[in-house]
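Line order of the protein sequences matches chains A and B.
For the first sequence, our numbering gives the first residue as 1, with consecutive numbering after it.
For the second sequence, our numbering gives the first residue as 1, with consecutive numbering after it.
These aren't lab readings, by the way, just hints derived from the structure by calculation.
Don't take each hint at face value.
As the list claims (entries may be wrong) - Rough simulated footprint, nothing fancy, chain A against chain B, three-plus residues with beta-carbon under 8 Å:
(1) 30-40
(2) 43-49
(3) 52-66
(4) 70-79
As the structure is a prediction and not an experimental result, all values here were calculated from the model.
Here a beta-carbon is modelled for each residue, glycine too, at the ideal position from N, C-alpha and C.
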Amino acid sequence: MVAFRATAFNDAKVVDLLKKEFVCVGIAHNGAGRRKDAEGDFARKLIGKGGTLQGLHVINTKGDLVGYVYDFRPQSVLAMLNKALKNFEAVDAPPIEFKEKDKRFVMPEDGLVIVTTAKVLGGHEPVKAAKGTIQYDMENAWKTSMGREHVWVRKDETQALLKGGLPDSLQKRILRYHLVDNTRGTPTGWSDNEIKKAEMTLQGGRLNGRVHLETKDGKRGYQADLLGFVEVKEGKVTRFDVVVLGEFWGQGTYTPGAPKGRFPLAIAFTLAQPSDALYNLVPDAVRGNADYLK
Amino acid sequence: MTRFHFAALLVASLNAAPLFSQEPAKGLTLADFEKLHKELQPPDNELWRTIPWQVSILEGRELAAKSKKPIFVWVASGEPLGCG
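In isolation and in its complexed conformation, chain A is listed as follows:
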């Protein structure tokens, strides 16, 4: 994800062509592709059709593959898009009824959406690839990118926040799924028994905390302090600004390339804006974590 954003999707020609000629969608093969509903059924029509599970696809409304490439280079992506445009013909496809949604992927009604961003503040070695190459752009992206994620907050948890409380269920969700190093892609979360210490208190709208998360073998961990502010106005949570800063060590299964040893990792939380086009994005942590909202 990080590498595509810094390469193909950072090219003005690619972006202009996509904006002008295509309807653009982003999905996870292990997210939307595993949904047990019409969204999942349609996603599965194209996943894997290019020869791999990932990549850049062009399809018609029947789900037929018109173009495919798995390449970060803008010129390759442009070539595929232009070829797909030549081959594309609009087809008649009946509407797909989408009433019964896989509940795991449905945003809690009357809840909150919070955006998290994460940044490694130091410890990476200098980029080794030659400047001006695609390898440089990719390596630089992995070493400087900002991790992003959404947090879903249930209605009852939102009600608790409105009363000045910080429910245990929300604390645990934040600890297990959102205090992670996702700056290089899909992170590995924490299990209950990897929460070694968790002190989080919300008093008078000020959130203070100190956490220690660590795997049993000690190879991955995060020791950090939290400070934040929660504000309520006219029966609504109007602010959920939190910063977490501490030392992280180790890396997840799908996030190699972490700095050696302990390194500073900061994570910020902010209320999502409904006007944001990505507001409805399902938290990545929902995938494979049936207990995410518990």
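Using the hints provided, position chain B relative to the given structure of chain A.
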């Protein structure tokens, strides 16, 4: 085992090499919070975010049917628009 010192760290820019000391973590100050929270907001000028991405493939399909455009689908291991 080295530990970094928050105050020293915050003097440095986000991309600078970390500044370490032997001091234990002392908690976040209000100044730390304000500086970091601001610096951790995504930049306004990210080209990839100017694309009107759809997060639902069925909603994208509906738009494509109306506009008679092809559907471009970025498929990744993990949510491409929001993970990492």
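We went through each hint and held it up to the structure:
no. : hint  : verdict
1   : 30-40 : holds (count 7)
2   : 43-49 : holds (count 3)
3   : 52-66 : holds (count 13)
4   : 70-79 : holds (count 10)
The structure fails none of the hints (numbered hints given earlier).
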